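Taking the hints into account, I'd like the entire structure generated from these sequences.
Residue numbers (UniProt numbering), protein chains in the order written: chain Z, 1 to 506; chain V, 1 to 320.
Please keep in mind that the hints were generated in silico from the structure rather than gathered at the bench.
Quantities reported herein were computed from a predicted structural model and do not represent experimental measurements.
Cβ coordinates follow ideal geometry from the N, Cα and C atoms, glycine included.
Check the hints yourself; a few may be wrong.
[Claimed, not checked] Partial list, computed: chain Z residues near chain V (C-beta under 7 Å): (1) TYR189; (2) ASP195; (3) ALA198; (4) PRO265; (5) PRO343; (6) ARG405.
[Stated by the list, open to error] So these bits of chain V aren't anywhere near chain Z, every CB distance computed over 12 Å: (7) PRO26; (8) GLU134; (9) ASN135; (10) ASP138; (11) GLU171; (12) LYS214; (13) THR238; (14) GLY242; (15) GLY256; (16) ASP263; (17) ARG298; (18) LYS310.
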Amino acid sequence: MIDQFILGLSVVLQPEVLMYAFFGVFLGQVIGVLPGVGAITAISLLLPVTFYLDPTSSVILLAGIYYGSQYGGAIASILLNLPGTPSSVVTCLEGYPLARDGRAGFALLVTALSSFVGSMIGVAVVVMAAIPMATFALKFGAPEYTMLVAIGLVAASLISSGSHLRAFSMALVGIALGMVGSDASTGQYRFVATDALADGISLVSLAMGLFGLSEIIRNAASHEPRKTQIKLTLRDIFPNRAELRSMVKPVGRGATIGAFFGALPGTGAAIASFMAYAFERRISRTPEKFGKGHLPGLCAPEASNNSAAQTSFIPTLTLGVPGDAVMALIIGALILNGIVPGPRLIIDEPELFWGVIASFFVGNIILLVINIPLIGVWVRLLSIPYYRLYPAIVLLICVGVYSHRSSITDVVLTLVFGIVGYVMRRYRFEPAPLLLGFVLGPMLEENFRRTMLLYGGDFSVFVTRPISATLVFCGAALLAFTIGSAIVSHRKALKDKNTQGGPYSV
Amino acid sequence: MLKKLMLALPVVAMMSGTAFAADTYPERSIRFIIGFGAGGNADTVARLLAEPMSKDLGQPVVVESKPGAGGNVASDFVSKSDPDGYTIQLMVGGHAVSAALYNSQPFDPLADFTFLSTIGQFPFFVAAQAGAYENIEDLIAKAKAAPGTIKIGHSGVGSTQNLTGELLDLETGADFIHVPYKGGAAAATALLGGEVDVVIDTGTIMTPQQDAGKFDILAVSSKERWPDKPDVPTLAETVAPGFDVVSWTGVGMPAGVDSAIADKVRASVHAAIADPDVAARIEKLGAKPSPMSGEEMRTMVEQQIETWKKVVESAGIEKR
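As structure tokens, then:
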């Protein structure tokens, strides 16, 4: 294993290859910062360029764009509540409150460190366990995905700082929105008012509207001054010893969750970061601190999405089956360069296989090195008066959303979701559970119906398959625990109300 | 008299305009519309062609994506564009499929288009886990012996792969369960994990798994054996005489394009796919470069629409 990794390093450390790795991660970083512009757009534009490169450099370049964008995605989330990529939506929840508190630099450093450690754990998993992980992932059939997604939906109601009932209702709204488009099991159109909706509502426009745009409307409507620190020293932004210690476990847990979800084809970084966040909240002794800039809630999802970005290469590289659109593009680049990725890639092309994996290692170091000095520049951005900044941001959002699917309807929908998001905030309905419902609802339906089709409508399949049965048990336990604790806190709130007459929320 | 002359004037101007246009065409950049998102096969093929065509025609050919509704958004757009030669479309086999699948399309899949040429043609392969079946006859015999038990994974309801599977039901009398996945890669993953018994998809998906000894490729959907895999029997010669499914990518324009302009673009497409470099990449994508005349392409599309209409009806697939 180590020998092969060193072989890979010797490939990456050739100056030319190193340059492509640098170029890839740097471009990814930039793409990630730009709201709505995704790695897919950048990779497909660069695909023809790779015809002139050797296959290893091609994949190193394109892969760098992908995992680099995971770093960049957090930056706009923290500074402007504007998720650069769907997987950095949860970064808004804790990162943005920190920035409003004048600690943007600190939040950026924490995410850079968490991203780095998360990625490294992801790389380690790829190096040591790529093949067993891939074999394990193949055991996940439709029933297992159904149960996994069901657990995710239960978790959706946990990622709220308000009441579970409100969060749950938002998740339901998200599921309903997710149903727009064509039904995966019959191909029939549902809620398709115009042709532009035939492929459903875009996750990017939903996320940009509910988070970024609604925040702009809120800021435009209030005159609350923002706190910024212009002069930053490393000591100002570097977490102190106690803070560092409080990060270790959440980063480890986040990276583990991310590594797992990344390796499953068809899930991915966005779900991984949501799950990591929900998990931190669930096990936290101080759940009331979440949503106000709580460190574990910031670093766990960042570690998670970066770890997932690395392990999502496992099915692609070891089985030749891409888990998502980005991986399909990378496989496309290999095919056009004359290499057909499949189970034999690791044997036939060891230099490519290990070179690419070693490039993850090198690329992440480059990312950390370029990110830390940039923090000062990013924070300075906040010193620009907001009224000067927001026209540019609105424009960037529109361009970004448009670039995603070249659809004007998506841009219009983003504006609508911006207004809806503003109203939701005013009435304390949180957007995060809605978004998770939107992502998971269609997956739940698709996999449930596939299970029914595959097993002739027999429900017992969920408990007779071992992995599925384990997931059913976990899900039931989580549900019971959540309902139980909700009842307890409700009683407590009632009691408090009776004694103090204070308000409470259900 | 004067009135009549005035009326005739724009007609004369238009006629001389078109004759003039064909000589100097193209004078500005050409939009190459694709109906699918970035990164798909269609997108890649369009980008492969855009570069040599730009050089050949002397004006940039710009790939523009108008994804949605299985390519219908782009077809609608192209069918309603000016037939001036500055809007061309990358068409795919799905053009014929959606004509059969949609209740009403805002365009006529044949009359509203000028067909130029196909770019590449590719068949589908029927694969199973290695060692699961002796050959295609064995698979069909087992499927007939136990109707409604053997599962075919495909890349989505209404995809050409899906309809090819349904056509196999129709032609052999076997009764498979057709299970939709999101794309061919997901279906292949399901076959690797043993969740389905058979997958019907393209060579790019199947070949690496065959090389690694994971899949057996049992048959090919084209009428003749495919040059890449001469050992793989056709469905036609084994279990379903007359079976012939070949999908394609091609180039079209709105109806009513001046024939001189259409010929110029067709020649440019043919030159591009004759280029050894481009041809090699088309082959790597699992297809065979296939220059055609406009009439040949139109006839092919017409026949495929008929076939798919029959399949959609007999398989009971609900129209959209």
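Against the structure, the hints:
{"no.": "1", "hint": "TYR189", "in the structure": "6 Å, holds"}
{"no.": "2", "hint": "ASP195", "in the structure": "5 Å, holds"}
{"no.": "3", "hint": "ALA198", "in the structure": "4 Å, holds"}
{"no.": "4", "hint": "PRO265", "in the structure": "6 Å, holds"}
{"no.": "5", "hint": "PRO343", "in the structure": "4 Å, holds"}
{"no.": "6", "hint": "ARG405", "in the structure": "6 Å, holds"}
{"no.": "7", "hint": "PRO26", "in the structure": "21 Å, holds"}
{"no.": "8", "hint": "GLU134", "in the structure": "23 Å, holds"}
{"no.": "9", "hint": "ASN135", "in the structure": "23 Å, holds"}
{"no.": "10", "hint": "ASP138", "in the structure": "22 Å, holds"}
{"no.": "11", "hint": "GLU171", "in the structure": "22 Å, holds"}
{"no.": "12", "hint": "LYS214", "in the structure": "6 Å, violated"}
{"no.": "13", "hint": "THR238", "in the structure": "26 Å, holds"}
{"no.": "14", "hint": "GLY242", "in the structure": "27 Å, holds"}
{"no.": "15", "hint": "GLY256", "in the structure": "23 Å, holds"}
{"no.": "16", "hint": "ASP263", "in the structure": "27 Å, holds"}
{"no.": "17", "hint": "ARG298", "in the structure": "25 Å, holds"}
{"no.": "18", "hint": "LYS310", "in the structure": "18 Å, holds"}
Figure legend: structure checked against the earlier numbered hints; the only hint not met is number 12.
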